[in-house]
Amino acid sequence: MTDVVIAGIGQTEVGEHWNISLRELAFAAIQDAVRDSGGLKPQALFVGNMLSPNLSNQAHLGALVADHAGLTGIEAITIEAAGASGGAAVRQGYLAISSGMVDVALVVGVEKFTDQVGPGVDAALATASDSDFEAVQGMTPTSQAALLMRRYMHEYQVPADGFAGFAITAHANGAGNKFAMFQKAIKPETYAKAEIVSEPLNMFDIAPNVDGAAALILTRRDLLPTNFAHPLVKISGSASASDTLALHDRKDMLYFDTAQLSTGKAMKQAGIMLDQISFFEYHDMFSIYAALEIEAVGFAIKGKGWKLAADNKIGLKGKIPCATMGGLKARGFTGGATGVYQAVEAATQLRGQAGANQVAGAKYGLIQSLGGPASTAVSHIIERIQA
Amino acid sequence: MEIPRHWRLKQQRYSLVGEVCPHCDYKIFPPRDVCPNCGDEAKELYTFSGKGEVYSYTTIYEAPSGYDANAPYTVAIVKLQEGPMITAQLTDLGDQPVEIGMPVEMVTRRMRNDGDERGIIVYGYKFRPRLAVA
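One line per chain: the protein sequences are A and B, in this order.
Add 2 to a position in the first sequence, counting from 1, and you land on the number used in our numbering.
Add 12 to a position in the second sequence, counting from 1, and you land on the number used in our numbering.
Any given hint might turn out to be false.
[As the list claims (entries may be wrong)] Take a look, some chain A residues computed to stay more than 10 Å from chain B by CB distance:
| id | residue |
| --- | --- |
| 1 | Glu26 |
| 2 | Leu73 |
| 3 | Ser101 |
| 4 | Arg153 |
| 5 | Val199 |
| 6 | Pro227 |
[Unchecked claim] Between beta-carbon pairs, the in silico distance windows are:
| id | chain 1 | residue 1 | chain 2 | residue 2 | range |
| --- | --- | --- | --- | --- | --- |
| 7 | A | Glu197 | B | Arg20 | 39 to 47 Å |
| 8 | A | Asp163 | B | Glu111 | 39 to 47 Å |
| 9 | A | Asp69 | B | Lys22 | 22 to 30 Å |
| 10 | A | His62 | B | Leu57 | 35 to 43 Å |
| 11 | B | Tyr26 | A | Gln159 | 36 to 44 Å |
Since the hints were derived computationally from the structure, they do not count as laboratory data.
All C-beta atoms in this analysis are idealised placements derived from N, C-alpha and C, irrespective of residue type, glycine included.
Assemble the whole structure, with the sequences as input and the hints as a guide.
Structure representation (structure tokens):
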């Protein structure tokens, strides 16, 4: 199989971009990624997006984004897997290059949440769940996470504020990421006093829904421009798995099977063991998901994922650095763009360009995005292949 | 409004009709024709008793559109006596605090409306506290 290199990365600041449209956001990220790659021209475009048909009355983003980026004529499609749309788009780009069928692929994740507010957005987000048997009951992704967190705390005797470490770490790292929504560290007291949203979830257990776009240029190693400007970073492992859509249909609701399956496959492809992973970009849309991903991937045993954060083992100098550029919590939850932001951030780390947030000696990064409560998981291992 | 969609589901919504697998006796809700336990074909209808207990729950204050009239409401995952888990609102709670493990029973209630007087009103199952019977 041919080496799939991340030749170019681009991202917009994450925020409430009321003055920037969906197509403009996507184009901004694309411009940066193409420039970063040294001007490579893509033959295929894979767009990761979850809610533009609902929130922007706009489907058919492949054609729209290609058109608006001056790439009319290339093949272009949207990939949707709820919150894992971006990760799934990265995977499609990976498959296109590694199969040899496409020379240069452009992967773009884009999401606009903030053109609407309130109940309309909540209803749109609920389309990621089982419409006939979850959403119709008034269940929302937030309430799913809340009741999972409650059950987890009940089974494992987790103290109140046991999950504070996730938000604290995320915000500390967000402070060093100029693209993040929140660039300010928070104190433990802030978490302790935070408003309850859906018991036991408080405001700091939930990532904000915000706008953003991120892009990757993927290609084969032999197609890189001669004076390619960056340390080489490649995708060494790529896998995805699905589980029952409805949370209530799970064999074990407190174990993210998809996280384990997809990570295991990706690690096998990359030929690495867990202790070789330098950092983990998890899908911390809710703090409980971060804990459950940590457990399913194997960094902690069942019921102990929360302790890794509480004992400060997930910081930049910790045992397993997580959310190194702020994660979903501080960077922001950018819907279908998430998986592409994770890939951009991982590439930044592996190139040694993460500045204040640099994980020393980063060699392998694990990135993982989830659709729903891990009804889908897409995991990638990204590797630095030369100093 | 999606009238046919809601009409198709009325046996599930009003009567908790699922399936039982003729091969391994696994009880299935909602019906899915393939047994999630043994993988064989399962199309025999089965009506659940409506009895169960609370696996977990939370209260929603900021509801999605169509449910705002109801807010705040409590949504739960209920473990039915026969095995399957189901997502549903809890109702008729009064002042009673909800607890994991609390016994509940199915009732039929209004679940949502379409927000205008001429829109469809969707009825379905909710669960209320059940006095534990010896």
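No chain B beta carbon within 10 Å of Val199 of chain A's: violated (7 Å)
Whether the CB-CB distance between Glu197 of chain A and Arg20 of chain B falls inside 39 to 47 Å: The hinted range 39 to 47 Å holds for Glu197 of chain A and Arg20 of chain B, with Cβ atoms some 40 Å apart.
Status of the given 36 to 44 Å range, CB of Gln159 of chain A versus CB of Tyr26 of chain B: Given range 36 to 44 Å: holds, Cβ gap about 40 Å.
Satisfaction of the hinted span 35 to 43 Å by the C-beta atoms belonging to His62 of chain A and Leu57 of chain B: holds (41 Å)
Beta-carbon spacing of Asp69 of chain A to Lys22 of chain B - inside the hinted bounds 22 to 30 Å or not: violated (45 Å)
Glu111 of chain B and Asp163 of chain A - C-beta distance against the hinted 39 to 47 Å: Taking Cβ atoms as reference, Asp163 of chain A and Glu111 of chain B lie about 22 Å apart, which means the hint is violated.
Distal placement of Glu26 of chain A relative to chain B, Cβ over 10 Å: Fine: 28 Å to the nearest Cβ keeps Glu26 of chain A off the interface.
Least C-beta distance between Leu73 of chain A and chain B, which was stated to exceed 10 Å: holds (36 Å)
Nearest-CB test (10 Å) between chain B and Arg153 of chain A: Per Cβ check, Arg153 of chain A is inside 10 Å of chain B; nearest 4 Å; violated.
Pro227 of chain A and chain B, when compared Cβ to Cβ, separated by more than 10 Å: At about 48 Å from chain B, Pro227 of chain A clears the 10 Å cut-off, so the statement holds.
No chain B beta carbon within 10 Å of Ser101 of chain A's: Ser101 of chain A is indeed farther than 10 Å from all Cβ atoms of chain B, at 31 Å.
The structure fails hints 4, 5, 8, 9 (numbered hints given earlier, in ascending order).
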